[in-house]
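Residue numbers (our numbering), protein chains in the order written: chain A, 1 to 248; chain B, 1001 to 1292.
Think of the hints as simulated: they come from the structure by calculation, not from any bench.
Keep in mind that the hints are not guaranteed to be accurate.
Partial selection, computed: residues in chain A whose CB lies under 7 angstroms from chain B [unchecked claim]: (1) Pro-56; (2) Ala-59; (3) Leu-72; (4) Tyr-75; (5) Ala-78; (6) Arg-84; (7) Arg-90; (8) Phe-92; (9) Gly-93; (10) Arg-94; (11) Glu-106; (12) Pro-109; (13) Trp-112; (14) Gln-113.
A virtual CB, placed ideally from N, CA and C, is assigned to each residue, including glycine.
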Amino acid sequence: MADIPLSVRGLDKHFGGLAAVQNVDLDLRPGVTTALVGPNGAGKTTVFNLITGNIPADAGDVLLDGASVRGLQPYQIARRGVARSFQDLRLFGRMSVRDNVLAALEPAPWLWQPGGGGARRARAKAVETALERTGLTAQADARAMDLAYAERKFLSLARILATGARIWLLDEPASGLDPNSRARFVALVRQAVSEGVTICLIEHNLDIVTELADRIAFLDRGAKLAEGEPQEILGDPQLISIYFGEPR
Amino acid sequence: MIAYLTNLATLATIFGILAASLNLLIGYAGIFSIAHAVFFGLGAYAGAQLAMLLVPDLLLACLAGGLVAGALSLCLALPALRVRGEYFVAASLGLQMMAVTVFSEAHAFTGGHGGLVGIPLASLLGFDISAPPTFLVVCLVVLALVLVVIRVLMRGSFGRSLMAIRDSESAAEAFGKNVARLKTLAVVLGCAMAGVAGVLFAFYMAFVNVESFTLEQSILVMAMVIIGGTATLIGPLVGVLLLLLLPAGLSFLPFIPPTEIGSVQQLIYGLAMALLMIFRPAGLAGRSAGQR
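Start from the sequences, fold in the hints, and give me the full structure.
Below, the structure written as structure tokens:
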């Protein structure tokens, strides 16, 4: 278990009478990209919210390196190396691009960060590297709210990249991107995976899923229906009909 | 005329400190408090009591006023951690209403409705600073110090963390920010600065009572910050100048009868707020979207 960075066991969440997530198991392995796939309302984002502590689970557990993180606050889970993006991006809109990334690297809740000048220079370098890798260097001083859509998407990735987090949870990171930006996104994710980052992504674009995912977990109505290699899952006509909302 | 202008400048400086301290909460941390006059009042009462009972030293009084206001601001911080947005506005309104009642009834500390009369003249390390021009200079120095502290903090990691929380609390948490602790720190700092402004006010007026710390005062300070421009250093000062100088300016207009100045002033405030929110929501000194 300890060689699996993130493991989900029997996760359950109900909102009133609605079973949003039902008994979901999931293992995210190092250097492996897992895609959560399923129709709208399948519970994919809820799984992310349960992993990151944004909402408490009714039952089940989330293990980081084999240790339970149940009951921890989102910021405590983030500090254990789990970074996430949001469907609606949630950038720090009135801050500059550079400050968006820098803010993601400063978790100490005091008037200043520990570590002195050396740590400050290391953070500044991490910011510049992240901006360079996401192609945002020229926009570093622009406000996040003034960026074009694709640039905003890449800024949400730059924030994650700079943190050096070892587990990335990406919620529809490529939706709405033009083909050129999509290709840049795919290259960025592949590079991160080659550096040992564990990635779990929610994506509706099956081309992106095919390009990036090593494994797919298929969710529907809160339950995990199947998990396996992309060709196995995407080749299953029953799952595909569920995905496209065909009557069952 | 010089005495009149000195008086206006001193009040504007004290309100500048107060507005800058509220800007820390509203502009940088996104905490919309309409109870700021409470902490202004706590500082004023604490400073006045210290001056009347022990020694009228401004430095000691500022320390006492800042400490009392900062410590009691935890009453505001606690709901701030649990609710956000419009719910927090309602919670701070409740605190403001309770505080006015307490200020009116706690005779031993506040003098009740009659207030505290006969606050001794201010001194600083044994030197008399009560002459209006001297006191104005002292107030300007305190304002400069407050602005420097705010600027240094807001350009550093603390400011970035607050602004991140303001823009997206959930994203800030997702990047490891302890939102509760950071918000508490912001509230304590902002309210302590309001307490210092209160001390200066008490010494300057030589009299304080609950009428200076009501909901209307909280709303006036909030209007100063919003009209001037939130999350900018200069914005609250612009707001203070505009809203304090407006009544003074109106009194010079011969076609407005003195008895109507209050009503005209309210109309202008209301119209200015509405127009600003439509045409310049970031305030007079704020940056609008797309403006680099």
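List, from low to high, the hint numbers that the structure doesn't satisfy.
1, 2 and 3
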